[in-house]
Structures are given as structure tokens and as C-alpha cells.
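There are 2 protein chains.
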Amino acid sequence: MKLDRKLKICIVGLGLMGGSYAQALSDEGYEVGAVARRRETLDFALEKGWIAHGETEVTQEYMSRFDIVVFALYPHIFVEWIEKYQRCLKAGAVITDVTGVKGCIVYKIQEMLRPDVEFIAAHPLAGSEKSGIEYATKEIFRQANYIVTPTEKNTREAVEICKSLGETLGFKTVTTLTPEEHDEMIGFLSQLTHCIAVSLMTCRNTDGFEKYTGDSFRDLTRIANINDVMWSELFLLNKEELLKQMELFENAFANLRKAIEDENTDEMRSLMKLSTEHRKRFDKEGK
Amino acid sequence: MKLDRKLKICIVGLGLMGGSYAQALSDEGYEVGAVARRRETLDFALEKGWIAHGETEVTQEYMSRFDIVVFALYPHIFVEWIEKYQRCLKAGAVITDVTGVKGCIVYKIQEMLRPDVEFIAAHPLAGSEKSGIEYATKEIFRQANYIVTPTEKNTREAVEICKSLGETLGFKTVTTLTPEEHDEMIGFLSQLTHCIAVSLMTCRNTDGFEKYTGDSFRDLTRIANINDVMWSELFLLNKEELLKQMELFENAFANLRKAIEDENTDEMRSLMKLSTEHRKRFDKEGK
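Line by line, the protein sequences are chains S and X. The numbering of the first sequence is numbering that gives the first Met the number 0, which starts it at 0 and goes up by one. The numbering of the second sequence is numbering that gives the first Met the number 0, which starts it at 0 and goes up by one.
By construction, these hints were calculated from the structure, which means they are not laboratory data. Some clues are possibly wrong.
It does not matter which identical chain is meant; a pair holds if it fits inside one copy or across any two.
[As the list claims (entries may be wrong)] Okay, derived cross-link-like pairs now, SDA-like style, lysine to any residue, Cα gap no bigger than 20 Å in a straight line:
#1 K272 to W230
#2 K243 to N254
#3 K162 to R141
#4 K243 to W230
#5 K243 to A253
#6 K129 to D218
#7 K89 to E260
#8 K152 to E128
Given the sequences, and given the hints that come with them, work out the whole structure.
So, in C-alpha cells, the structure goes:
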């Protein structure tokens, strides 16, 4: 099986991410179906032309149409779905996901899944502070990275289908990592940064401060506008790795604080020079 | 004395900030002169039409032309300049600055200054990761705040001139704070955020991570590209206040870490909800 327009794709969960997948794939000429909890969500997607059809109930009749199923659900709901409905999937189907943590999900799903269906995990590093299909747009993929996280259980064929899916969706880069490498990376680049933003935004009274702020505070707290249900779940699913990354940051922060306390200008300047040098690699927009 | 185009303005120090002041004021029809260390800097500004004339040496003959002098220098160089050259200033002149800390500078300068010259301090909350006149542009003022920090020694007239200067430069908002209020605000909104960015950028090896990052990490570390000479000086000049703000942040971060360790979802979610609510006030671009 290779990814081509003859394959029918189902998106389970039409939120910001599922809706954006549906739009991108329909625009690329795929027949896209969907399962969503609410009829209004399906109507919205139908009206936009992002799906060809959709259901609010999971049935074998509907699911057996699809060669590829993308789960765009909260992690625990994804696991529940597989437990309850995997019998409805078409034999030979390839399923994938959008979950922001991998180690705790990938092996679990692969373990419980029917042998005639293959799960190849992926993490689209795109999003928005907003949630819901009304904010969905395939534009969020344009400058973003898509990470496929295969395990030993995956076939080369499924990995290739999943990578092609990332390219078809319009991601700027498509790469692969092990689930463990992924979780370390995400613990640092994404979860730690959200912890910092939340802490900064809640550490003191800031009434009236908006009149005085420059861009730096606004940049550091953009992601302090956070979906509490999703992120508290993601934090716990990557707890050990996240705590490690938090500790690394705490140590560095304490080190800088000591340099300031000691009025150790040499140490401050050397940290700042290192910081400037490291940041250069992240400089180019869209890299 | 009120701010009008008959007044002649001198910018001492033509870096990113001084150059941007010169451009904005010349474009508004003022006769702007400058003192800079290097002839090339003056030539650059002359060629751009940002200054009418300039000198590399400070002389009484030159300085006595100016009704208003803006010091766009590193803090300690500003103090040294006043010690060495204040005799050259015109009687009745109003002087102002762009220094990012106030308590430790304002009273000191006012104390040492000739009685026939008035110092009214201001902080333009604008800038760039880049430094030097080649990056100067009055555009940096457009969405930015300008804070005047008068003391009991200041006349209402000088405060008004300084506020008018902020408006003439094109700042979005012009406000006043006491030097102490200013330093608390800046310790939190600007210095703490730079400490966080530097710590995040230096806390671990990040080789190759640029391939996987989304916007959040890039946003949080934009200011990790930092002028080490200037910021290490500013940190120490506001040491006590900055350390207080760092402690508030450390406590909040440790609190969130404990919630994750304890798998206390309620606490995590309530912090995230508070964070989201607080962030709303900082939402609108350019507010």
C-alpha cells in the first residue's frame, strides 16, 4: 500500500487539528470522512467541503470504508476508542495519530491492536492557542515540522505512508525519531516552555502591567494561554522526561541567579555569550 | 520652555537607540546634532539625513548650541560623561536619557548635576536584538511604550517636555512612573524574561533541535540573543529588584513542578486557567 488518492481517509475527532487535516487532505483530492461527537461539527466541515461525509456514531459499516484512519483525540480518549471500537476497523488499515507524547501511547496501542491493523504514530508540531474546528486551517502546517515515531513493530511500508501523509498535509519538514527521542525533545522544546510561560504568567500580580510591557514579555507568555485539559494530561503522560527537563532549567536559572547575587559579571557575560551563540541556530524563521 | 521645532536637540551616543531618536526627530523637522565616538557613525547618520551635524569630541562650543540633550549611552558611561563634561552644557538645558534602569541612575545624576541644567529621566521600551546605528529605525517606537520617571526635583515643565518628546518620537503610549515603580516593573517584565531566555537557551545541549522546534521555543528564546555587556550592567544596577522577581518566578515554577510530581491535575489545571485568564490582558498586539 502506498499513499495515493484512491485511499479513503477517516479523521476521528474534528477539533483544531482534525479539522486542519481534513481540509488539507480534501484540498489534495482525497475522499475524507470523519467521526465527531457533535452533528454541528460535521455540518461545519461538510459545508466547508473539508469532508465528503461523516458520522457521530462509530459503526463497522462506516469504518470499514477507510484505508487510513487518523486519530485526532486527547490521548486517553484515543486509547478508549481503540479498546471499544477497533473491531470496526477495516482489515489491513493503517492508523495514525497526532498525540503530543509518544512513549506512553505508541507501545500501548501497538500492544492492544488487532494484528491485521497497523499503528504508525506521528506528531504534527503545529497548533494554535485556540481550539475547536472553527479555528482549523491547513495553514498551521506550512512552517511546521512533522515527526513520525516508528517502533520495531512497524513495517517500512506504513512508515512511508505516514511520511507521505505529512508531506501531503503540507508540512515543511518530515522527520523520524524513536518514541523516546521524541519525548525528550518535546519535554524540552514544548512542555518545558509551557511550564515556564504558565509560571511567569502566574508568579505575581500583574494588574496594569500591560501598559508597560515590551515584546519580550508578550513573546514569553503567548503560550501561557493554554488548554488546561489537554496540557495537564500531556504533562503527566511525559512526567519523568518533563521533570528532568524542568530540573535542567532550574539549575541553569539558579546558576544565573547566583552570578547576579555575587555580582559576577564574567560569569553573567559568558552565559549570555553562550546563549547568543546557541540561539543563532534557531534564528531563521521557518527553519 | 515647551518642546517645539525651534529647540535644538543633541543625541549623545549613536547606537541603535540614539540613531533611531535622531531619525525620528529629524523627520519631524528638528535640527538634530550628535556626539559619537567614531567619525564613521556620524558620517552614516549625516548621509541618511538623521543629523544636521556632529562631533566626535565634546566641546563647550558645540554643546552650548543645544536646548535638549538625549543621552543614549551605557549607564556607567552616562555617569562618566556628566562628571567630565557637564560644564559644557548650555545653561537652562534639559537633559534626558534612555537608560533601562532608573533608581540607581536618576538620583545620582540629579545629585551631581549643575543647578542650571535639569535631568528628566525616560525609558523608551523599544529595542532590537541587534545593536549599532546600522540597525536603527524609528519604526521600533511605533508599537512601543515610553516611560518618564520624574522625581521631586523635576519641574512640571521638564516633565512635559520629556513627555512631548516621547510623543514626537512616535511612541504608542507615554506614561509616568516613579523610578522605583519603573524598576520593579522592568525587573519583572524585561530583566526576568531575559534571565529566563538565557537559562532556557543554556541549560542543555540542543544540537540538532532546531529541526524539531515549533514556535513556542523560538518565541521564548528570541531574546536569548542578548548584548552581554549592556545586560550584565543593567542586571547589577537593578540587582535587588531583579532578585526579588527571580524568586517569585522560581517559587511559581517549583509549585508547578510539585503539582506534576504529585500528579495533582486539579492544581495544574487551576494554574493553567489562571495563566490563560491573566494572559488575556496582554493579548492585543500593540496594546
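**Asked** So which hints don't hold here, by number, going up?
**Response** Hint check: 7 and 8 fail, others pass.
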